[in-house]
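Note that the protein sequences, when read in sequence, are chains D and U. With our numbering, the residue at position 375 of the first sequence is 506, and numbering never jumps. With our numbering, the residue at position 443 of the second sequence is 1036, and numbering never jumps.
Worth flagging that the hints you see were computed from the coordinates, not collected in a lab. Each residue gets a CB set at the ideal place from its N, CA and C atoms; glycine is no exception. Among the hints, a few may not be true.
[What the hints assert, rightly or not] Take a look, some chain D residues computed to stay more than 12 Å from chain U by CB distance:
1. GLU169
2. ALA185
3. GLU248
4. ALA249
5. LEU361
6. LYS362
7. ARG376
8. ARG412
9. ARG459
10. ALA500
11. LEU506
[Stated by the list, open to error] Below, a list of computed lysine to aspartate or glutamate pairs in the EDC-like style, where the Cα atoms sit at most 16 Å apart:
12. LYS1149/U with GLU347/D
13. LYS1165/U with GLU332/D
14. LYS880/U with ASP835/U
15. LYS1164/U with GLU346/D
16. LYS892/U with ASP835/U
17. LYS1145/U with GLU348/D
18. LYS1149/U with GLU346/D
19. LYS1149/U with GLU336/D
20. LYS1081/U with ASP994/U
21. LYS504/D with ASP1127/U
22. LYS1169/U with ASP352/D
23. LYS766/U with ASP736/U
24. LYS918/U with GLU958/U
25. LYS1164/U with GLU347/D
26. LYS1163/U with ASP155/D
27. LYS1149/U with GLU348/D
28. LYS1174/U with ASP515/D
29. LYS1164/U with GLU517/D
30. LYS150/D with GLU336/D
31. LYS821/U with ASP835/U
32. LYS1171/U with ASP276/D
[What the hints assert, rightly or not] Taking CB as the label site, the calculated pair distances span:
33. GLN1170/U with GLU166/D: 56 to 62 Å
34. GLN489/D with GLN891/U: 34 to 40 Å
35. THR267/D with THR1143/U: 37 to 43 Å
Residue-level listing of the chains:
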Amino acid sequence: MTALPPLSLYIHVPWCVRKCPYCDFNSHGVGHNAELPEDAYIDALIDDLAQDLAMVEARPLHSIFIGGGTPSLLSPAVFQRLFSEIRARIPFTPDIEITLEANPGTVERSRFDGFREAGINRLSLGIQSFNDAHLTTLGRIHSGDDAEQAVLAARSAGFDNFNIDIMHGLPGQRVSDALADIERALSLAPAHLSWYQLTLEPNTEFYSHPPRLPEEETLFDIQDEGHERLKQAGFERYEISAYARSPAQRSRHNLNYWQFGDYLGIGAGAHGKVTRTDNGRLSALRRWKSRQPDAYLRRRADPRGYVAGQQVIGDDEIGLEFLLNALRLVEGVETELWSARTGLSLEALERATARVRQRGLLTLNQRIATSDKGLAFLNDVLADIEPPA
Amino acid sequence: MAKDAAPSPLSNIRNFSIIAHIDHGKSTLADRIIQLCGGLTERELKEQVLDSMDIERERGITIKAQSVTLDYQAEDGEVYQFNFIDTPGHVDFSYEVSRSLYACEGALLVVDAAQGVEAQSVGNCYTAIEQGLEVLPVLNKMDLPQADPEEVSQQIEEIIGLDATDACRVSAKSGLGMEQLLERLVRDIPPPKGNREAPLQALIIDSWFDNYLGVVSLIRVFDGELRKGDKVEMKSTGRHWDANVVGIFTPKRTETNVLRAGEVGFLVAGIKDIHGAPVGDTITHAKTPQVERLPGFQKVKPQVYAGMFPISADDYEAFRDALEKLALNDASLDYVPENSDALGFGFRVGFLGTLHMEIIQERLEREYDLDLLTTAPTVIYELLMDSGEVIYISNPSKLPDLSSVAEMREPITRATILVPQEYVGNVITECVNRRGIQKDMQVLGNQMQLTYELPMSEVVMDFFDRLKSITKGYASLDYSFERFEAAKLVRLDVLINGDRVDALAVIIHRDQAEPRGRVLVEKMKELIPRQMFDVAVQAAIGGHVIARSTVKALRKNVTAKCYGGDVSRKKKLLQKQKEGKKRMKQVGSVEIPQDAFLAVLRTND
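Based on the provided sequences and hints, a complete structural model is requested.
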């Protein structure tokens, strides 16, 4: 049997100051200067992790990602405690990547030094746009200038490895607006850029009251010209929406999702996935935690623990889930990862992809990867893959 | 009527139908009559009884004829046997209507006192008058504040030519005027004639298939007597059967073991196939084969054909079984296997008209849970070949090479349209656009009655919907087949990326081919979603392209952001996309949604 996949840890912080109209994450607006139950939440996270430990199977953690919500609303001190408690239970690899999602607000950026001291070595800044009018439309509570200040603060705190989230396809956005956002992002010399299209997701304000998005052709122009500009600036696109200045600066945590690695998920509404072997057969166990912050906190005293549900992903679905992730990578993955991560045969992969390969949308040799066209039409590629069982 | 009651003398029988436009209150009136005669309790009445199929009730129309036998205690102290025969209320079923009327001596013409006369009632009313029925005008919905009995009476006189000064004024809903109506029935509708000593002569008004009994036939006895155990002969086939069950509907099925001249009831004779007891056929005893056939028997022929294909090829068997079951009950339903390059295996199904088609499609989808794709309906064309042979074509893609065709003929209908005067201009324009030739135009009060000869293909092509929309819903239409007539017809093909799509071909008049072709390709362009490559849509006659449009390729189709460990939503989206794909039909490398196959129907929008 091949070795188990690398293990990551996702930590969810379910609060933000104000919920953005496009956001479909498990996030609850609490207003400015709200008193968050920080210590109780950290206690719960540690307890939650303790209950997941059986799934670790003697692997070290190679990345941690703290997402939200706005996790930078929590104070640096609590992260210090959190990491030392985690480390007491699961060893870290020497080069572990620890990412914190942060908003460019004034309060948050005063904490960057502290975050750094707590052991966080990568920041992901939710800037979204530098255009104040577009920021207002998106319901963001910061300005374009705040965003620049945040980057400077991050840098002076010692964060060279930081990501900037930029959204495009915003209501009323022209191609030139989108390119202007890219220029300003580039001028801040980030290590990594997440440059992704605004989509209207169910259970969001935008979904029930849709804003007028740019015409389809404008969206295509934005994407083509944006990709071109980023490439020219030395940013390599390694996933549909992810760009890195060098391979070393790719998001290790996200790569682990895309390479169908294992991850624990702790915190309100967090999802985890770990590989299991039963009698030599591989399957994946998906497990998710109680969503509402209050309900999550109450689970400490609940004999059921924090788990809201779990599901075994067997032969009928595991292959599709693998491809759903792996094919988002521009270079795809090494073909041998298929059997290692899904337990399915190479023949099964060949059968599942026969039609899309014939259509010239996918290649399968040492690596499995989409063609350029296949990447642009990934939804069609995935819809045309036969269930590999 | 209890089964041991003494036989009603002919003079105490009244056989009648109700002629009414959809939603002029036929069902409510029928219910009220049944209730007044004690056929049902108030509670049983809650469910309208005569329209028993779900679809009938929802659409407010009767598809199968039914009957009910009632006892009425009249003011003169006598007990009368009422046989009320319900008739289908739509133009597609005019043959069934004519047979129902033939079984009656009278009819109630029910007109909504607030809405006035509609063409459908006019057509059926003429049929009744031609057959010598006594027609009793009834103004219904008199309880409505907008009821205008004077105006509507005048319409009845002008349009139908019936004296309506004495018309019954009722509200079936409130019961107003109902007793007087029943008395009028007794007084004005003549009793049946007939000789109970003569050899048996009975008419099949309708037949349907019952899972337990086999074919059940609703019959009217004209002469003689039919008793349980008799050996009977069907005149159309000459076959002999045993009369196993004989009875009446009260409206519950009640065995009486005998039906006498003048009476209406049912017969079960061990017949397993509905074609063994066709509507309009004559029944006599096996020992009296010399008895003549009643006039007017027709073998019902479909007027409109469409290809029907299961969306999922796996459903083909289930679809065939469902058609078989429906055909058990519907002698007018005709189907043969059809294999389309574009749509795979299915059936070419013949219908009496487009409403019949809609009903069948709805029943297949609802009662048999099938997902079907139905192509645009087509009429039957008559082709005179160079060889002198005459052939009939019900599928445009099967049209032979035109070089071997001496003459193409299309079916022509005679259409009667009733419309308020202010909309006449719109209607005339529409009829002209559809190659109509005006035959008659009469002013009838505020209404105009237009008579046109129209190609049936034009009538089938959303004519009625169009008529409604250009007259704010006021126009009514009645039509019937007249003859085949030579016409300059061509086949308009649709090509998708150069491939001819057989299921989209239509036969069309040469002069209309180009405008229709242009609208059609534009419509298709709207309906075909953008794909990974440009899709060229062309309309062509023979090899000659007359219109084209292009569905521009999408440049991308990829979900922007997918992170966080929760893939369940992404999986759901993918599932949705896969299901959407299943509902598309693959033509070459192009995915075409179902809607596009009906685009040819909507070229007048």
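Checked hints:
no., hint, in the structure
1, GLU169, "holds, 22 Å"
2, ALA185, "holds, 18 Å"
3, GLU248, "holds, 27 Å"
4, ALA249, "holds, 22 Å"
5, LEU361, "holds, 15 Å"
6, LYS362, "holds, 16 Å"
7, ARG376, "holds, 19 Å"
8, ARG412, "holds, 21 Å"
9, ARG459, "violated, 6 Å"
10, ALA500, "holds, 14 Å"
11, LEU506, "violated, 7 Å"
12, LYS1149/U with GLU347/D, "holds, 10 Å"
13, LYS1165/U with GLU332/D, "holds, 13 Å"
14, LYS880/U with ASP835/U, "holds, 12 Å"
15, LYS1164/U with GLU346/D, "violated, 27 Å"
16, LYS892/U with ASP835/U, "violated, 24 Å"
17, LYS1145/U with GLU348/D, "holds, 11 Å"
18, LYS1149/U with GLU346/D, "holds, 13 Å"
19, LYS1149/U with GLU336/D, "violated, 26 Å"
20, LYS1081/U with ASP994/U, "holds, 15 Å"
21, LYS504/D with ASP1127/U, "holds, 14 Å"
22, LYS1169/U with ASP352/D, "violated, 27 Å"
23, LYS766/U with ASP736/U, "holds, 8 Å"
24, LYS918/U with GLU958/U, "holds, 14 Å"
25, LYS1164/U with GLU347/D, "violated, 24 Å"
26, LYS1163/U with ASP155/D, "holds, 13 Å"
27, LYS1149/U with GLU348/D, "holds, 10 Å"
28, LYS1174/U with ASP515/D, "holds, 9 Å"
29, LYS1164/U with GLU517/D, "holds, 14 Å"
30, LYS150/D with GLU336/D, "holds, 9 Å"
31, LYS821/U with ASP835/U, "holds, 8 Å"
32, LYS1171/U with ASP276/D, "violated, 44 Å"
33, GLN1170/U with GLU166/D: 56 to 62 Å, "violated, 44 Å"
34, GLN489/D with GLN891/U: 34 to 40 Å, "violated, 56 Å"
35, THR267/D with THR1143/U: 37 to 43 Å, "holds, 39 Å"
Of the hints listed earlier, those the structure fails to meet are numbers 9, 11, 15, 16, 19, 22, 25, 32, 33 and 34, in rising order.
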